[in-house]
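Residue strings, one per chain:
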Amino acid sequence: MVTMTKKNRLKQLTSKIVPNRIWIQLGFLLIWLDPLGWRFHSVCSPVFHCYSCPLATFACPIGVLANFSALHVFPFITVGMLVLIGILLGSIVCGWACPFGFLQDLAAKVPTPKFDPPGWTGHFRYAVLVGTVIAVPYLFGEGHWLFVCRFCPAGALEAAVPNIINRAIAGQEIAWPNALKLTILALFLMAIFLVRRPWCRILCPLGAIFALFNRTSAFFLRFDPDKCNSCERCHKLCEYGIEPEKSPNDLRCVRCLECTACSTEALTLGSIFEHREETSATPKPADSSAEI
Amino acid sequence: MDNRCQSKWISNKRLVFSVLLVPAAVVALVYGFIFHSTLIMVQPSDEVEEDSPHETIQHVSEWLDLDLREPAIIRDVTVGGLVRLESGAIKRTYSGKPPSACPT
Numbered sequence: 001m002v003t004m005t006k007k008n009r010l011k012q013l014t015s016k017i018v019p020n021r022i023w024i025q026l027g028f029l030l031i032w033l034d035p036l037g038w039r040f041h042s043v044c045s046p047v048f049h050c051y052s053c054p055l056a057t058f059a060c061p062i063g064v065l066a067n068f069s070a071l072h073v074f075p076f077i078t079v080g081m082l083v084l085i086g087i088l089l090g091s092i093v094c095g096w097a098c099p100f101g102f103l104q105d106l107a108a109k110v111p112t113p114k115f116d117p118p119g120w121t122g123h124f125r126y127a128v129l130v131g132t133v134i135a136v137p138y139l140f141g142e143g144h145w146l147f148v149c150r151f152c153p154a155g156a157l158e159a160a161v162p163n164i165i166n167r168a169i170a171g172q173e174i175a176w177p178n179a180l181k182l183t184i185l186a187l188f189l190m191a192i193f194l195v196r197r198p199w200c201r202i203l204c205p206l207g208a209i210f211a212l213f214n215r216t217s218a219f220f221l222r223f224d225p226d227k228c229n230s231c232e233r234c235h236k237l238c239e240y241g242i243e244p245e246k247s248p249n250d251l252r253c254v255r256c257l258e259c260t261a262c263s264t265e266a267l268t269l270g271s272i273f274e275h276r277e278e279t280s281a282t283p284k285p286a287d288s289s290a291e292i
Numbered sequence: 001m002d003n004r005c006q007s008k009w010i011s012n013k014r015l016v017f018s019v020l021l022v023p024a025a026v027v028a029l030v031y032g033f034i035f036h037s038t039l040i041m042v043q044p045s046d047e048v049e050e051d052s053p054h055e056t057i058q059h060v061s062e063w064l065d066l067d068l069r070e071p072a073i074i075r076d077v078t079v080g081g082l083v084r085l086e087s088g089a090i091k092r093t094y095s096g097k098p099p100s101a102c103p104t
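So the sequences go chain by chain: G and Z.
Take the first sequence: its position 41, counting from 1, is numbered 41 in the numbering used here, and each next residue is one higher.
Take the second sequence: its position 51, counting from 1, is numbered 51 in the numbering used here, and each next residue is one higher.
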């Protein structure tokens, strides 16, 4: 009974917060973009947000990983932080806290035709992570044109554009970003109206790191086949082309938890803490839930 | 393996990963924040009195090795303040006040 109450509590919490996800993302945005000018650039945030943005509160973990790789120094703080958050939450950060994801979610609300990239394009994220965040910086240093910060659209949008505007207003000479960065920014700005979260789904190296933990994180998406009536509503609820009943903790999932709105409650948010209580405090029910 | 066994096995797998990785991550964080440091070549600040210009030249030409802690290195890389030389040494690109924006 205790377990059922705990499970219901988590279920109730999910059903309450999922419809308000946009407000939670907005709340996090106020943490990452600090208008008061507080700067804690000695630590990383767990989200994709350029540290050169005039309002950035924390350092960008991807920028730090790439720069440390260029310096041939191991980034204990950044790796520790990413592993800690990844093993606890998986990619929940992507769906609920990342400002760059939030921007793409807002753009996706514009009623334009949307296209779904094939699932395999998600593997490009690992190429970006290994290639432009680790290998290129390590081998060629931060001056190489494939160094992630040199073409990052988040950096272009959040840092380069505001800095250009600031310098123009101040009457100073404008330092234009390189052509590659501007081209990728232009492509990105077009893509966000045609594809849902194109950066997150195809190229984001931070999302690639968190997604690695989806199958092992303490909080996860649980699928109960006994409750599923194969209505496939979850296919329509998932905006990222995943079939949640087949792969609830898919590498492409950003854990927006929209699929938990399933009326039969076959998909719910679960946690390892809940399972421990279940096995220790109650007799084992005939529960056939799976979280593949 | 039936669904229940599979579910239990997967939950146990998650628990094992958490038990192993959470302490490892905490150790990495503690080590990074408190103990980890790297030698950086630093140019002392060139803020010298106006009546001694020769002092300025002498100061600027000197490089010191500074044992910089990891949080300070993170702060420096966010402004493009560190560069690795071909010799393998890491050099701070500015002296005195750090630049306000990353050059990329």
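Since the hints were made in silico from the structure, they are not lab data.
As the structure is a computational prediction, the values presented were derived from the model and not from experiment.
Don't be surprised by glycine CBs; every beta carbon is placed ideally from N, CA and C.
Be aware that a few hints might be false.
To be verified - To list a few chain G residues with every Cβ distance to chain Z over 10 Å, as calculated:
{"#": "1", "residue": "L88"}
{"#": "2", "residue": "T216"}
{"#": "3", "residue": "A218"}
What the hints assert, rightly or not - Coverage of chain Z stretches by chain G, computed from C-beta distances (three or more under 8 Å per stretch; other residues unrestricted):
{"#": "4", "segment": "32-42"}
{"#": "5", "segment": "63-77"}
{"#": "6", "segment": "90-96"}
Practice problem: Would you pick out the hints that fail for this structure and give their numbers low to high? | Solution: When the structure is compared with the hints, numbers 1, 2, 3 and 6 turn out to be violated.
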